[in-house]
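Participant: Chains as they are written, first to last, in the numbering used here: chain A, 1 to 283; chain B, 1 to 283; chain C, 1 to 283; chain D, 1 to 283; chain E, 1 to 283.
The hints are all genuine.
Given that identical chains are not distinguished, each listed pair holds provided it fits within a single copy or across any two copies.
Cut-off 20 Å, straight-line C-alpha distance, at most; resulting in silico cross-link-like pairs (EDC-like, lysine to aspartate or glutamate):
hint : residue 1 : residue 2
1    : Lys-208   : Asp-18
2    : Lys-175   : Asp-257
3    : Lys-208   : Glu-145
4    : Lys-175   : Glu-242
5    : Lys-175   : Asp-221
6    : Lys-175   : Glu-254
7    : Lys-208   : Glu-140
8    : Lys-204   : Glu-133
Read the hints as simulated data drawn from the structure, not as lab findings. A quick note: this is a predicted structure, and the numbers were derived from the prediction, not measured.
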Amino acid sequence: MTGPASDRPGPIVPATLDGWSLLHQAFRLRWPALRALSPSARTSLASGLARSLELSAGDGATAFVQLLGHKGDLLLIHARRDFDALSQAQLHVASSSLFEYLEPTFSYVSIVELGMYDMTGKLYGELAGRGLEAGTDAFEHAFAEEMAAQARRVGSRLFLDLPQRRHVCFYPMDKRRGEAKNWYSAPFDDRAAMMREHGHIGRKYAGKVTQIISGSIGFDDWEWGVDLFADDPAVFKQLIYEMRFDRASADYAEFGDFAVGLQFSRAELGTLLDGRTPALQPA
Amino acid sequence: MTGPASDRPGPIVPATLDGWSLLHQAFRLRWPALRALSPSARTSLASGLARSLELSAGDGATAFVQLLGHKGDLLLIHARRDFDALSQAQLHVASSSLFEYLEPTFSYVSIVELGMYDMTGKLYGELAGRGLEAGTDAFEHAFAEEMAAQARRVGSRLFLDLPQRRHVCFYPMDKRRGEAKNWYSAPFDDRAAMMREHGHIGRKYAGKVTQIISGSIGFDDWEWGVDLFADDPAVFKQLIYEMRFDRASADYAEFGDFAVGLQFSRAELGTLLDGRTPALQPA
Amino acid sequence: MTGPASDRPGPIVPATLDGWSLLHQAFRLRWPALRALSPSARTSLASGLARSLELSAGDGATAFVQLLGHKGDLLLIHARRDFDALSQAQLHVASSSLFEYLEPTFSYVSIVELGMYDMTGKLYGELAGRGLEAGTDAFEHAFAEEMAAQARRVGSRLFLDLPQRRHVCFYPMDKRRGEAKNWYSAPFDDRAAMMREHGHIGRKYAGKVTQIISGSIGFDDWEWGVDLFADDPAVFKQLIYEMRFDRASADYAEFGDFAVGLQFSRAELGTLLDGRTPALQPA
Amino acid sequence: MTGPASDRPGPIVPATLDGWSLLHQAFRLRWPALRALSPSARTSLASGLARSLELSAGDGATAFVQLLGHKGDLLLIHARRDFDALSQAQLHVASSSLFEYLEPTFSYVSIVELGMYDMTGKLYGELAGRGLEAGTDAFEHAFAEEMAAQARRVGSRLFLDLPQRRHVCFYPMDKRRGEAKNWYSAPFDDRAAMMREHGHIGRKYAGKVTQIISGSIGFDDWEWGVDLFADDPAVFKQLIYEMRFDRASADYAEFGDFAVGLQFSRAELGTLLDGRTPALQPA
Amino acid sequence: MTGPASDRPGPIVPATLDGWSLLHQAFRLRWPALRALSPSARTSLASGLARSLELSAGDGATAFVQLLGHKGDLLLIHARRDFDALSQAQLHVASSSLFEYLEPTFSYVSIVELGMYDMTGKLYGELAGRGLEAGTDAFEHAFAEEMAAQARRVGSRLFLDLPQRRHVCFYPMDKRRGEAKNWYSAPFDDRAAMMREHGHIGRKYAGKVTQIISGSIGFDDWEWGVDLFADDPAVFKQLIYEMRFDRASADYAEFGDFAVGLQFSRAELGTLLDGRTPALQPA
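All chains, please: the whole structure from these sequences, using the hints.
Facilitator: So, in structure tokens, the structure goes:
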């Protein structure tokens, strides 16, 4: 056991940088009722929702995913500038003509997040080198300035285009706070080292998988949401299985429910409503 | 392991002061049925409920929140003088014309509570200094008198106006009673120290977040409810993440489900029913 | 770790005395459908059920409680002589005209129980003093005779009138059988001491709270049900919070979901159906 | 910690003998719809199902139980020769005219099982005494022969008549595989001793309770199902409470949900549909 | 505790080979609505779905299972070449005329998987013998080549015909990541030895049970899905009970819910809809 957080020198909490506000919404489709409609009525329902989400997205976007299994048929991933814009996306869906044919099954609220273990450690060292003492206003101010500069440098990762890959995997997770294994009372340097090892594995899959990590502490039931995008779904299995053996996951990860599906183009929503597998058109 | 509670000198149970009785009620809206109504019918449903809650609130109030995600569309937070008044609020909602369009999803019953670790410790010392022995009638009487005086001093925090900030986060929590880490068998002074450290972090966010803690032991499934109010929702994530590393949270906190949303003015309920994001007007 | 139960001298299992058979039944009311009825139709639904429960209760009774929150609007607590009579109460509700407007949410089956730790220990000593050996027929016979006499002495606590207090709190609980903290392998004398300490706290609240403990091993999902009755609901919070620090609770109690509400007179059921807070008339 | 199973001498897995295939099916009744029928229509629904189950039961049987509480109103316990016959029983219920008035709540699939700890240990000794080595074909053959002979001797316990007692208690259970307390890595002799102690307590209640243990590994969510039958339901509470202190239960038992109710005669199903407590006629 | 994964020599993650993509879909049947149809209408619903699944299966197949109990009446197991083909199978079911009579209860998404503990260990040794160092491109390339050759050798086990046996048992499982017992931080050689012991038990049942293991990390809520096929369902109980005592299961296995049922021929779906037990015709 380590001592109380306040007795440990150096940083405790890693800085984070925030990007898109995200809302995941999953629905089952009411198939018999959809089937009773004419093809043109289904087309109209699909294009009505697709258009209103496109028009209201601003510089954000909504991804469309056909889910496999009973957890839902349709997953919408809304990326927006703030929670007001998420609220609008949610209300566009709710007040669309299609909503009568949708049965909500799950959702997730989060904000795209870059965790900055290494940068936090390095900055603490640099600022100490400049004679600044952690906890003082001067330190906090200098630290915030550096983080803002960093946010500008990595802006494209915080407000990224949603990856155009066929397969999507979503799951939420926590860091364990067990009675014996407790991430939040592990020393900062240990946590940083574990995150570094974790990142090494991720980088081995760099060309095959694109990931989006979002933070959901205070917003939803788990601490983080993970979205993975890949051309070949078997890569999800390989990557997560391999990671399960690293210390950050083996000892400290707790996982929620997984959802997997096929991303498709907004224009193909009508194809799904018709009962045919929708395609992902080249962007 | 500490010995049985009764063998430890000094206080064991911190005194608490009670304020508003609270009832949180979350609902999904039946959107297709609402959509089938005329705009003026929706306006009438909205103003009917808003007015009846206002008229019956006494010196209490009801906050209106649009929730994000599938847990609900509308959260009502009723603050009232007692459980009879909460019962009336609940029945006003249930017997409103709008209720037909509401699907209850979750609720929470609690009483606004100020935990008094430091004050309890100090009072024990003072009364002992006056020669009073804990457990005696004289001690209990003097203690109760001091707490009543304190309740008068902090009355505005017990019966506060609900904060007029755009974003609201609600979650319930417990203190862990694990087989190895057990809050309720930790010594009073350790608990008081942990709560002090926890409070220090909270105070760093003083201008950015307003919190309301309510006690729900005996009323609902968790020990406490927490409501946070902020202009910027990212602050919820920062604050709770930072606190997760303090000992009170890292070792002893257990969290229920989180709900997050946008507070709006009572007069804007009709806007929500129309499918548009409702605004929070300056009070 | 203690040895196996059969190697320990003295009593292992405390004797218990049984009283009323209890059935708790919680329901949501179908408000829009009730609202569509005429006031006199609601009155008739209410009086029909109230009368049939009264007529069939024998020397038992049914308490009526308006619940707060989404777990239910109405809680019925049936106290009857045996399970056949509980079955009749359940069928009276199910076949009433009101049942169409009730949606069952939870229930609990149990038997009022007095746990006899101290009496069991004392009796073991006395019978040993008389030369009787535990486990022999003579011992068992003498023990059973003493318990029957005791049951006659405390009959009014086993078959009590349901307390006429405004607020009611119900929750089920278990004694923990953890891998490290296990109530059922703790020595009898330790358990007896912990129950004694637990009882002392209860007695401090004697004038303010009336409790009914019922056993549900073999009947429902938890080992015991607890009903508390008080004029001031804040007392539930104080009492249970204070008890949470005693060893029996801190180390060994596990709690199910809590329900809280306002008790009202049978004749006031129609008031509730009308959407107004029903009163508890003096008995 | 014991070594891996394969390093321990002597038996590891106790032999079991199998009897009836069991399907428990619980339903809520749709009371308002039943009430809207004429008495003779209810009689016809009841006798239709009762007759088809009787005709198709072969030498098996179906027990009828009125449940207490919201988990269901009617529990059917089908005992049949094999899973094909269970499938037929399930389809007889599903395609009966009554099914429209039934709402499935829970079910359980299992096979009546006698665990043979002592017999297994004894046989291992005997066969070793005959010079047979465990794991050899000769050993396995001789062992199987002895078990088949034993199955013939206890056939009436494997294919028993369902006990004609008024009260029925059903619950599923597991043996714990905790990180510290793990039934499946305890030595065979310890497990055998614990099961012997457990059996001693059961035998004290021999005249008052009849039990049926069924195995459900591979069939349902728990490892075993337990049905208890008694004239006085308080005996369920006494028996299971007393057992909870023996080592097999205190350290290793994990329990699912409990259901309790009143057994009644097949011919009384119509009485239940009429909303009156059905009787158990002498067989 | 072992050190971090990256400090251990030799392999950490066992290689796996992938086969069919699998989608399990369970449904309750809406019996009263089916019963209201004419026999020929039911026949037509059945043959419509059966035919569309057959036509679209490619070289894959769909197994039909009648489930026992309330978790569902019908389980479909779709084996397809990839997730696009699974999506098509799901949409064929959803847009069939029968779907109106189906109520989804659970599902499972996975990919048939052969775990290669021994092969992985052997290959590491061989490649080291050839002077290749783990982690280098040359090593990874040689390893991947050997695995591809192995995949060709065991192709018929990866893309197998679904076993034509009457009884089917399905359950998902995890390897435990407990605070004390953690599969993912156990040394590779220990895990390999435990899997070998586990396999030995399986092989004792070789003639009686056919198993299909599928991996679902990244696809569904558990790490693996297990399908067992047998003529005699009691064999499921014996096999899984015996395995529960091996170390891989006793210490490290965590099980989800079990489903059990009777496999039947595609042409017999109409028999099930008629309320009669469908047969499994010889292939």
